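Could you slot chain C onto chain S? The hints should help.
Now for the letters of each chain:
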Amino acid sequence: MPEELQKDPVSRGEFLVMGTLGTLIGAVLTIPPLVFMLDPIIKSEILDQSDIPEDEWIELGSVFEIPQGAPVTYRVEFPQIQSYVLEKEDEKKKQEGKAGSIVEAALVTWQDGEIPDILRNRGEGRLSEAEIEELTPKLNIVNNHCTHLGCPVRWIEEKREILCPCHGGIYDLNGYVIGGPPPRGLYRYAFEIRQNGGIYVRHEFDGNPYVI
Amino acid sequence: MISRIRARTLDLGQTTVDWMEERTGLVSLLEHFLYEPVPAKGKWLYSLGSATLFLITLQFLTGILLLFYYVPTTTEAWDSIYFMMTDVYFGPLIRGIHFWSANILVVVIGLHMLRTFFSGAYKAPREMNWVIGVALIFLVTVLAFTGYALRWDAEGFWAWEVGIKIGSYTPFVGNYMAAFLIGGDTVGPATLSRVFAIHVWLLPAALAPLIGIHLYLLRKHGEFGTEFEYTRRLAELRERQQIEEYSAFLEEEYMEEDGFSRGDGSSRGE
Chain S
1 MPEELQKDPV SRGEFLVMGT LGTLIGAVLT IPPLVFMLDP IIKSEILDQS
51 DIPEDEWIEL GSVFEIPQGA PVTYRVEFPQ IQSYVLEKED EKKKQEGKAG
101 SIVEAALVTW QDGEIPDILR NRGEGRLSEA EIEELTPKLN IVNNHCTHLG
151 CPVRWIEEKR EILCPCHGGI YDLNGYVIGG PPPRGLYRYA FEIRQNGGIY
201 VRHEFDGNPY VI
Chain C
1001 MISRIRARTL DLGQTTVDWM EERTGLVSLL EHFLYEPVPA KGKWLYSLGS
1051 ATLFLITLQF LTGILLLFYY VPTTTEAWDS IYFMMTDVYF GPLIRGIHFW
1101 SANILVVVIG LHMLRTFFSG AYKAPREMNW VIGVALIFLV TVLAFTGYAL
1151 RWDAEGFWAW EVGIKIGSYT PFVGNYMAAF LIGGDTVGPA TLSRVFAIHV
1201 WLLPAALAPL IGIHLYLLRK HGEFGTEFEY TRRLAELRER QQIEEYSAFL
1251 EEEYMEEDGF SRGDGSSRGE
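Protein chains in written order, with this note's numbering: chain S, 1 to 212; chain C, 1001 to 1270.
Looking at chain S on its own, in the form it has when it is part of the complex:
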């Protein structure tokens, strides 16, 4: 009989005490290291915090620079607070050229490559509220990370398409996917057009969750 083999019989009370103590000690030993390691998941996925300060608007360029039928690629650098790059030291580190930042590329085009009529033969004067409202839906500002596996995409003039070098993802001028493995179009920046014609972007994208 199995119970006869047990050398050290355990009473019900002892079993309960040992079980409770064991669970407690186990929890104390495992939960802190796990949470320590999973800190970024809690912060960025559950609490929805970002490494990039939210109110940071970065100027790309001007709406008057965007040509007919081709994108302009801007290099955009966002401040980044992560790991040993701390917020309170940011100003000092910035001066030393050590502040954290992340560099991305943004491709800016007019919808279908057509310059809006109100900008034709207009000159570069200040934009009115009404003009800004009309221009905003006609502007595409997309991130250069392919939505398939994150490789950097490029505009290829001869093909008149945006191509990904890794697995052949193809996007049209607007950043919509037209071929290859990408599951969706390129990620779009949250942006605003200001009265002097400046295009400002924030590190925030349509269709969250955005990965990379």
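Since the hints were derived computationally from the structure, they do not count as laboratory data.
What follows is a set of in silico ranges between Cβ atoms, one per label pair, in the way DEER data are often shown:
no.: 1; chain 1: C; residue 1: 1051; chain 2: S; residue 2: 31; range: 35 to 45 Å
no.: 2; chain 1: S; residue 1: 159; chain 2: C; residue 2: 1221; range: 54 to 64 Å
no.: 3; chain 1: C; residue 1: 1080; chain 2: S; residue 2: 37; range: 23 to 33 Å
no.: 4; chain 1: C; residue 1: 1075; chain 2: S; residue 2: 198; range: 29 to 39 Å
no.: 5; chain 1: C; residue 1: 1155; chain 2: S; residue 2: 37; range: 22 to 32 Å
Some, not all, of what chain C presents toward chain S, calculated at C-beta under 7 Å:
no.: 6; residue: 1175
no.: 7; residue: 1176
no.: 8; residue: 1180
no.: 9; residue: 1190
In silico SDA-like cross-links for lysine to any residue, where the CA-CA straight-line distance does not exceed 20 Å:
no.: 10; chain 1: S; residue 1: 43; chain 2: C; residue 2: 1174
no.: 11; chain 1: C; residue 1: 1123; chain 2: C; residue 2: 1214
no.: 12; chain 1: S; residue 1: 43; chain 2: C; residue 2: 1176
no.: 13; chain 1: S; residue 1: 43; chain 2: C; residue 2: 1167
no.: 14; chain 1: S; residue 1: 43; chain 2: C; residue 2: 1177
no.: 15; chain 1: S; residue 1: 138; chain 2: S; residue 2: 115
no.: 16; chain 1: S; residue 1: 138; chain 2: S; residue 2: 123
no.: 17; chain 1: S; residue 1: 43; chain 2: C; residue 2: 1172
no.: 18; chain 1: S; residue 1: 138; chain 2: S; residue 2: 124
no.: 19; chain 1: C; residue 1: 1123; chain 2: C; residue 2: 1215
no.: 20; chain 1: S; residue 1: 43; chain 2: C; residue 2: 1180
no.: 21; chain 1: S; residue 1: 43; chain 2: C; residue 2: 1173
no.: 22; chain 1: C; residue 1: 1043; chain 2: C; residue 2: 1053
Predicted, not measured: the structure shown is a model, and the values here were computed from it.
The C-beta atom is built at its ideal place from N, Cα and C for all residues, glycine as well.
Just chain C now, with coordinates in the frame of chain S:
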């Protein structure tokens, strides 16, 4: 004169070895660890496991050396490797060994797995060793991949980014997986720290005990189809073949000559 010296040295050696053996059992231990009978068929293919072990040891040793110069920060990682490759004596050699033996390791471990598969060495009672081997091959793959990213050059950086993106397609936990591997919501200094921790501490610490268990199980069961097993099986097979051939022969005879007992023949073969 010379022969006397030789005899004395041999004696001395013998005494030392005996002394050690009596006190620590070192000699028989070494004997036990270094010698393992393998099937005559296959011969050198059975050295692939030892080759894997050798290459992993080489990884540990050269990896420790690389840590003397490597700096795991986004701004200095590449520069520290560049410094190692240009200014440090034997830098290219040590890093070259780490790099190339890592590449060869992935190949050799694959061949080792193929050999195990085709020689049927995963069969009872060795299933657990196969399972642990699969865990090991997985760990080595992740080690190779994280090592790639540690260089923080364009190639390694984009490979890691693609790797994170692949991880992000995991059902249900994809985004959590990506956040864990990135160390935030954008690739940055925390990402490299994580890759470093995983490559240098987490995975080697998981790898070492698993290798220990892998070797222990090999010693426990021995190589599948070792000389003894193999010859016994072959003898049995030959016997069976002989019986079959003989009974087939008898059957033919039986067809020709009536009255020849079939049962007689098979009982003689047994």
